[in-house]
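**Student:** Order-wise, the sequence lines are chains X and V.
Note that the first sequence ends on residue 115 in the numbering used here; no numbers are left out.
Note that the second sequence ends on residue 1112 in the numbering used here; no numbers are left out.
These aren't lab readings, by the way, just hints derived from the structure by calculation.
Take the hints with a grain of salt, since some may be wrong.
[Stated by the list, open to error] On the chain V side, residues computed to face chain X include the following (Cβ under 10 Å): (1) V1013; (2) T1017; (3) L1044; (4) L1100; (5) F1102.
[Said to hold, decoys possible] A partial selection of chain V residues facing chain X, derived with a Cβ cut-off under 7 Å: (6) G1043; (7) L1046; (8) G1103; (9) T1104; (10) G1105.
Glycine included, C-beta positions come from ideal geometry on N, C-alpha and C.
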Amino acid sequence: EAQVTQNPRYLITVTGKKLTVTCSQNMNHEYMSWYRQDPGLGLRQIYYSMNVEVTDKGDVPEGYKVSRKEKRNFPLILESPSPNQTSLYFCASSQRPHGPGKTQYFGPGTRLLVL
Amino acid sequence: AQSVTQLDSHVSVSEGTPVLLRCNYSSSYSPSLFWYVQHPNKGLQLLLKYTSAATLVKGINGFEAEFKKSETSFHLTKPSAHMSDAAEYFCVVTVATDKLIFGTGTRLQVFP
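Extracted from the complex, chain V is given alone in its bound form (with noise of 0.2 Å):
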């Protein structure tokens, strides 16, 4: 069965800081997976997705993830953080179905 769990729930960060966000899943398959960003009162706007190329992938904003098979895990980073960054962030990971399986979501507070 494919599962993801976020290992936090919130996380905060001073502006210019580094941004780690965790996510760790579970599949039977080559997985594909994704970090979608919600902003208040916004829909889900797609960060970056890995698809079996490059392990590090590099998404929009200065956000990038690795893909670690051997740890199970996708984290996002990003080097400085933004006020603009603070958000709610979701890792999401499919497998060959049409079926997303969505994390609980990480909380991401930035202080100036």
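So that you can see chain X by itself, here it is in the shape it has in the complex (with noise of 0.2 Å):
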């Protein structure tokens, strides 16, 4: 089943213990990226990568680091997270580029909380 996998579903956390959310797409895609939800601001990107050894900032970057080492994983690091970093997060893929049929695959969420 083509799908896009997160894990952990749910962590709690305190201020500057470092964590790392794992995703992985079974679909061979290029482009796969972070978003994160809050009440009243949708999802905003906060990195993307359009390929292995190619990630770049997206929207809301700070406090996150990413790695692209291998095509089907995008783990999202970080490194001190703090309160303002409790959030939902989603990863995606897609085929590249985007446009005209390209539909991005989100995976089912990271709820954080961070104390």
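Using the hints, put the two chains back together into the complex; each one sits in its own frame.
**Tutor:** Laid out in structure tokens, this is it:
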């Protein structure tokens, strides 16, 4: 089954404790991205990757890191989480380029609480 | 610059009545437009997409949307709401880049 998986689905942590949220897709997609969803703000892009070893900042990259060593995996790293990073996070993937016909597939989401 | 505005943050309808979720966009180029749905505690699922073919686009679960260039709108409609339609809906625009721009979402409530 074609899918995007994220782990963990729920995470409670404390300020400053490094964490990683994993994302994996089995559709051989070149493009992957991370979003955060906050009430009243919709989804905002954190980072994206057009292919292996190619990553770039989205609209809200501060406090986050990513890596793309393999095509299928795109982990999101919070080196020193802070309470304002409490949010719902989604990973997504698609074929490139975007535009007509290219749909993004979303993971189930990771709900993060930073105390 | 590209942007998308969802005109209603909440919409409430009775079961069996029509649904209208409004979306306006701004784009310097010919856009591709999408509607995604998010059910509680779930990820986003594609409802339908406009990609410069037919202006009336049919999606899953009886939803459809009409692209109106003159009004820069892409409103989502359904003739008869079902309880299972209660969810949050996102209008999304993309142009010839690798970037999606999401609206802030419309929460649809369906009352029995």
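**Student:** State for each hint whether it applies.
**Tutor:** Here is how each hint holds up against the structure:
With a least beta-carbon distance of about 21 Å to chain X, the hint placing V/V1013 at the interface is violated under the 10 Å criterion. Checking V/T1017 against chain X: minimum C-beta separation of about 26 Å lies over 10 Å; hint violated. Hint status for V/L1044: holds, given a least beta-carbon distance of 4 Å to chain X, under 10 Å. Hint on V/L1100 holds. Least Cβ distance to chain X is approximately 6 Å, under the 10 Å limit.
For V/F1102, the interface hint holds, since its Cβ comes within 10 Å of a Cβ in chain X; the closest pair sits about 4 Å apart. The beta carbon of V/G1043 is positioned within 7 Å of a beta carbon in chain X (closest approach about 4 Å), and the interface hint is therefore held. Nearest Cβ of chain X to the Cβ of V/L1046: about 5 Å, under the 7 Å cut. The hint holds. Given hint, V/G1103 at the interface with chain X, holds; its Cβ is 6 Å from that chain's nearest Cβ, closer than 7 Å.
The interface hint given for V/T1104 holds, since its Cβ lies 4 Å from the closest Cβ of chain X, which is under the 7 Å cut-off. For V/G1105, the suggested interface contact is upheld, since its CB lies about 5 Å from the closest CB of chain X, less than 7 Å.
In this structure, the hints that do not hold are numbers 1, 2, in rising order.
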